[in-house]
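J.: Chain residues, written in single-letter form:
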Amino acid sequence: MLQKADYNAVFFVAAALIMFFIGGLLTTVAPPLLDQSWSKPFENADASKGPTGKLVQLNEQELKGRKIYVREGCWYCHTQQVRTILADTKRYGWRGVDAPVSTPDEFVYDSPHLFGTKRTGPDLARVGGKYNEQWHRAHFRNPADLVPGSIMPPFPWIADNEQEFKALTAYIQTLGRAKNWRPDNDYEK
Amino acid sequence: MQTEEVIKDAGEIPVASSAKSSESIHEDTTAKLFIISSITYFFIVGIVALIIAAKFVMPSFLGTVEYLTYGRMRPLHVNGMLFGWLLAADMGLMYYIVPRLCGVKLWSEKLGMATAALWNFIILGAVVSLVMGWNQGWEYAELPTFLDVCVVIAWIMFGANIFMTVANRKYNAMYVSLWYAMGTILWTAFVYLTGNFATLFTTGVNQANLNWMYVHNAVGLIFTPVGLAIAYYYIPKASNNPLYSHKLSMIGFWSLAFVYVWTGAHHMIHGPISQWLQTISIVFSVMLLIPVWAAVYNFITTMKGQWHQLRENIALKFLMSGVVFYLLTCFQGPMHSLRAVNAIVSKTDWIPGHAHMAVLGAFSFFAIAGCYHTVPLIFKTKLYSDALANWSFWLFLIGGLGFFVTLWLGGFWQGWQWNNPSIPFIDTVVALKPVWAVRLGSGFLMFGGIVAFAYNILATIIGTTGEQTATATA
Numbered sequence: 001m002l003q004k005a006d007y008n009a010v011f012f013v014a015a016a017l018i019m020f021f022i023g024g025l026l027t028t029v030a031p032p033l034l035d036q037s038w039s040k041p042f043e044n045a046d047a048s049k050g051p052t053g054k055l056v057q058l059n060e061q062e063l064k065g066r067k068i069y070v071r072e073g074c075w076y077c078h079t080q081q082v083r084t085i086l087a088d089t090k091r092y093g094w095r096g097v098d099a100p101v102s103t104p105d106e107f108v109y110d111s112p113h114l115f116g117t118k119r120t121g122p123d124l125a126r127v128g129g130k131y132n133e134q135w136h137r138a139h140f141r142n143p144a145d146l147v148p149g150s151i152m153p154p155f156p157w158i159a160d161n162e163q164e165f166k167a168l169t170a171y172i173q174t175l176g177r178a179k180n181w182r183p184d185n186d187y188e189k
Numbered sequence: 001m002q003t004e005e006v007i008k009d010a011g012e013i014p015v016a017s018s019a020k021s022s023e024s025i026h027e028d029t030t031a032k033l034f035i036i037s038s039i040t041y042f043f044i045v046g047i048v049a050l051i052i053a054a055k056f057v058m059p060s061f062l063g064t065v066e067y068l069t070y071g072r073m074r075p076l077h078v079n080g081m082l083f084g085w086l087l088a089a090d091m092g093l094m095y096y097i098v099p100r101l102c103g104v105k106l107w108s109e110k111l112g113m114a115t116a117a118l119w120n121f122i123i124l125g126a127v128v129s130l131v132m133g134w135n136q137g138w139e140y141a142e143l144p145t146f147l148d149v150c151v152v153i154a155w156i157m158f159g160a161n162i163f164m165t166v167a168n169r170k171y172n173a174m175y176v177s178l179w180y181a182m183g184t185i186l187w188t189a190f191v192y193l194t195g196n197f198a199t200l201f202t203t204g205v206n207q208a209n210l211n212w213m214y215v216h217n218a219v220g221l222i223f224t225p226v227g228l229a230i231a232y233y234y235i236p237k238a239s240n241n242p243l244y245s246h247k248l249s250m251i252g253f254w255s256l257a258f259v260y261v262w263t264g265a266h267h268m269i270h271g272p273i274s275q276w277l278q279t280i281s282i283v284f285s286v287m288l289l290i291p292v293w294a295a296v297y298n299f300i301t302t303m304k305g306q307w308h309q310l311r312e313n314i315a316l317k318f319l320m321s322g323v324v325f326y327l328l329t330c331f332q333g334p335m336h337s338l339r340a341v342n343a344i345v346s347k348t349d350w351i352p353g354h355a356h357m358a359v360l361g362a363f364s365f366f367a368i369a370g371c372y373h374t375v376p377l378i379f380k381t382k383l384y385s386d387a388l389a390n391w392s393f394w395l396f397l398i399g400g401l402g403f404f405v406t407l408w409l410g411g412f413w414q415g416w417q418w419n420n421p422s423i424p425f426i427d428t429v430v431a432l433k434p435v436w437a438v439r440l441g442s443g444f445l446m447f448g449g450i451v452a453f454a455y456n457i458l459a460t461i462i463g464t465t466g467e468q469t470a471t472a473t474a
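Chains F and E, in that order, give the protein sequences.
Numbers 1 to 189, taken from our numbering, label the letters of the first sequence in order.
Numbers 1 to 474, taken from our numbering, label the letters of the second sequence in order.
Calculated from the structure, these hints are not laboratory results.
Treat the hints loosely; a few may be bogus.
[To be verified] Straight-line Cα separation of at most 30 Å, BS3-like style, residue types lysine-lysine; simulated pairs: (1) F/Lys4 to E/Lys170; (2) F/Lys166 to F/Lys54; (3) E/Lys247 to E/Lys304; (4) F/Lys4 to E/Lys105; (5) F/Lys40 to F/Lys118; (6) F/Lys40 to F/Lys130; (7) F/Lys4 to E/Lys247; (8) E/Lys110 to E/Lys380; (9) E/Lys433 to F/Lys90; (10) E/Lys433 to F/Lys130; (11) F/Lys118 to F/Lys166; (12) E/Lys380 to E/Lys105; (13) F/Lys40 to F/Lys90; (14) F/Lys67 to F/Lys130; (15) E/Lys247 to E/Lys105; (16) F/Lys118 to E/Lys433; (17) F/Lys40 to F/Lys67; (18) F/Lys54 to F/Lys67.
[Claimed, not checked] Covered, in the sense of this in silico footprint (three residues per stretch, anywhere, with C-beta under 8 Å from a C-beta of chain E), are these stretches of chain F: (19) 26-32; (20) 64-72; (21) 101-108; (22) 138-149; (23) 152-161.
Beta carbons are placed, not taken as given, at the ideal position from N, Cα and C, and that holds for glycine.
Using the sequences and the accompanying hints, generate a full structural model.
T.: Put into structure tokens, the structure is as follows:
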């Protein structure tokens, strides 16, 4: 059947595009129509159904911090997704409480998305409230001072720029907080 | 008009295509421009590669200058290698191959030269943007929208030239490399638009899904088909043996056209994306073995009776090691998508080991082979030094293997440690330090390969009187 494509360039082009578009459309256009959780922001008030909470949009300062996170390429080393793997929920949990698995409805407002592909550093999906501002300042100035053996690069130009530092820290503190997952509510500011 | 060579089977076209009688019609200015600039970027971006490898060993290295921080150098490395070196080299080789397979000259050298100029503008713009931190935040699609638009224009210029050349062709039958060249142009257009423009109008998981469709197919439907176009042309050409099976190449091509695009979501296995979409991507990922094995079987059998040439023929050395790396990397890919394997290797250092085997071990090896074979021909001279070419091969091979293998072992071990939550994360970082040291060492070897390759090509072009050893390729 496709023999004709050996000789006929127009036929070839049509066949190559049709083959491509079947999978192309079914895997990009169809899924968001089929799975509503991709576009409906997380909201839950019923504790029996898992962590409660509501996804809110970032404020101006937090958005600015997010832009810094993008600019500096933090996302090349840090993912933002607690996967459906037991070790992920344990490792990124807190004082014996497992971190809830990340769900699509927690990321509805994210652009660019920052799920990431590589964990040179730990996942940051639930890092909001784990450390206080002072810790972050020392960490950005030189991570290895605080965590011996760390290969996270120093970011002195952020630590020394009050506005940028505050914005970035404010953004980090929002991560994972749509779900109120720590029972004691002991998040750092 | 040239007299038409008698061609019975499309598989014979590459061997017959540059018969002496028709060689004189080609100008090859565009091919030259693309090849020369791509090799220049290969060298420059190779230095960036060493810088980021060094940062893993010494995180404060160049660490206090914001323009040289890891998060800006890494995208510079990735974009520079993918678009500055590999894609530009591939395009240059297409400007050489396609006219020969069509038996006519390139439709427009002027348009081609303008395309090369625009491409260089894009790469320089990319360097500035990435160093300044004007990063859009999507992998492989970091460049600002203005440059994305330039890429689209350059791609249309490239596509028009290639398609018009095909439309004017003298040989009725289209050899496999032509299908792959045309397929690359068509698919890339849509894949690129998805990854760089459709993403602008979406958010969250929906956007990530489009981003992965692009990232995956940037390799699968850009570098793979254009790389195969090169391999399908140069393996018969360099070994002087017609392609083993036309039918098999058809199976490979059409299965690739159908299967590849479904697999993007395998970048988010276990992640926050619908389970059924993950499963679809896994099923199609495994099916990828079909186009890969069809192509590899075809290449290996084409070499039948010609293996002894591997000892002397530098292009064949790169081509056949590239084929082996292609087979391996495309075996790893489907295996990574299986949930059980993915739970160990995903997000670890295994993945850069895998990715480098694809774009360096397989596709860059094909492009390097193409350059070694082609540059002496289009400059109507001989390769400057066979011995140096041989050095470049062994440096790339040993450096590459050192890089791939240590990152697999290290990454596997890392994944294993991560799956034990009682091991603190920082311990898993410290544990990998020896691995990163070996990676840096391997990087120096590979960079040595780049230097040997680039110098050899440079000396060939400017005609330095060196050893002037004859090549077997002419």
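J.: Hint by hint, say whether it matches the structure.
T.: Hints versus structure:
1. F/Lys4 to E/Lys170: holds, 17 Å
2. F/Lys166 to F/Lys54: holds, 24 Å
3. E/Lys247 to E/Lys304: holds, 18 Å
4. F/Lys4 to E/Lys105: holds, 25 Å
5. F/Lys40 to F/Lys118: Answer holds: F/Lys40 to F/Lys118 is near 27 Å, not above 30 Å.
6. F/Lys40 to F/Lys130: holds, 27 Å
7. F/Lys4 to E/Lys247: Status holds; Cα separation ~13 Å.
8. E/Lys110 to E/Lys380: holds, 21 Å
9. E/Lys433 to F/Lys90: holds, 25 Å
10. E/Lys433 to F/Lys130: holds, 26 Å
11. F/Lys118 to F/Lys166: holds, 26 Å
12. E/Lys380 to E/Lys105: Holds, at about 17 Å.
13. F/Lys40 to F/Lys90: With Cα atoms ~27 Å apart, F/Lys40 and F/Lys90 stay inside 30 Å; holds.
14. F/Lys67 to F/Lys130: This hinted pair holds, its Cα atoms lying about 21 Å apart.
15. E/Lys247 to E/Lys105: Since the Cα atoms of E/Lys247 and E/Lys105 sit roughly 28 Å apart, the hinted pair holds (cutoff 30 Å).
16. F/Lys118 to E/Lys433: holds, 17 Å
17. F/Lys40 to F/Lys67: The given pair, whose Cα atoms are some 24 Å apart, holds under the 30 Å limit.
18. F/Lys54 to F/Lys67: Distance of about 23 Å is within 30 Å: holds.
19. 26-32: Three-residue rule met by the stretch 26-32 of chain F, so holds; n is 5.
20. 64-72: holds (count 3)
21. 101-108: As far as the stretch 101-108 of chain F goes, the hint holds, because 7 residues have Cβ atoms under 8 Å from chain E.
22. 138-149: Held - the stretch 138-149 of chain F has 6 residues with a Cβ nearer than 8 Å to chain E, which meets the minimum of three.
23. 152-161: That given contact holds, which follows from 6 residues of the stretch 152-161 of chain F lying within Cβ reach (below 8 Å) of chain E.
Of the numbered hints stated above, none is contradicted by the structure.
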